[in-house]
Amino acid sequence: MYSQSNSTFHLYLKSYPITLFIIFVHLFCFTLMWIPFVPHQPLYKRFIGVNLYISEGEIWRLVTPMFIHVHFAHFFYNTISIAMMGPIIEGLLGKWKFLLLYLISGIAGNAATFVFLPLTYTHTGSSGAIFGLLGCFLFFALTKRLHIPRQNQTILLLIIGISVIMTVFESDINITAHAAGLFSGLLYSWIFSRNK
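Numbered per the UniProt record's numbering, the sequence shown spans residues 1 to 196.
Treat the hints with care, as some may be off.
To be verified - Each computed DSSO-like pair below joins lysine-lysine, with the alpha-carbon atoms no more than 30 angstroms apart:
(1) 97 x 144
(2) 144 x 14
(3) 97 x 14
As the list claims (entries may be wrong) - Restraint ranges, calculated between C-beta atoms of paired labels, are given here:
(4) 60 x 172: 19 to 25 angstroms
(5) 164 x 115: 20 to 26 angstroms
(6) 150 x 120: 43 to 49 angstroms
(7) 119 x 35: 20 to 26 angstroms
(8) 143 x 96: 21 to 27 angstroms
(9) 73 x 35: 17 to 23 angstroms
(10) 121 x 150: 37 to 43 angstroms
(11) 141 x 119: 37 to 43 angstroms
(12) 73 x 119: 33 to 39 angstroms
Worth flagging that the hints you see were computed from the coordinates, not collected in a lab. Bear in mind that the values here come from a model prediction, so they are computed numbers and not experimental data. Think of the CB as a built atom: it goes at the ideal place given N, C-alpha and C, for glycine as much as any other residue.
Input sequences plus hints: build the corresponding full structure.
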């Protein structure tokens, strides 16, 4: 059994290296936040999104918040979403274009947060990037350029449904990042489809 499981993991790693890398980074950063003997406060304060600090030149905060999750539910939902959508989209775009989509969408979400929300606003999480993946998935599904096996359709529709519900009804959700990420994913996919 070990040999079969090991073989399956290596096949997954070979096929979807960026998806696994993003999941690993999420898990690593979240674990650091909760290990008692690791001083996580400097990590948290240095890398979360703080609009005031971005305005003062700490531009890395447009990137780093997408890898920091404070609450388990937020971490779990975003990581599961990547695990579900990542292989489909990475298989469609290729690993480097998939990584570019993820980063562009996440940065777009954080940049929109900086532009449109108050300087006192703080934020963490990869929701902008997740919505970028959703935008890509929706573009290719609606234009009939993406075939989704039946067994994955229910899971993906569930992710979309939960994302919409969270965006509309949760009081502390960053709707700005969600909208910017979704738009970035749609635009990126449109450009990709024209140049393919």
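Hints and how they fare:
1. 97 x 144: holds, 20 angstroms
2. 144 x 14: Judged against 30 angstroms, a Cα distance of about 27 angstroms means the pair holds.
3. 97 x 14: Holds. Residue 97 to residue 14 sits at ~16 angstroms (cutoff 30 angstroms).
4. 60 x 172: 19 to 25 angstroms: holds, 24 angstroms
5. 164 x 115: 20 to 26 angstroms: holds, 23 angstroms
6. 150 x 120: 43 to 49 angstroms: Check passed, 47 angstroms falls within 43 to 49 angstroms.
7. 119 x 35: 20 to 26 angstroms: violated, 32 angstroms
8. 143 x 96: 21 to 27 angstroms: holds, 22 angstroms
9. 73 x 35: 17 to 23 angstroms: holds, 19 angstroms
10. 121 x 150: 37 to 43 angstroms: 41 angstroms Cβ-Cβ, so the 37 to 43 angstroms window holds.
11. 141 x 119: 37 to 43 angstroms: At roughly 38 angstroms between Cβ atoms, residue 119 and residue 141 fall inside 37 to 43 angstroms, so the hint holds.
12. 73 x 119: 33 to 39 angstroms: Distance hint for residue 73, residue 119 is violated at roughly 27 angstroms.
In the structure shown, a violation is registered for the earlier hints numbered 7, 12, in ascending order.
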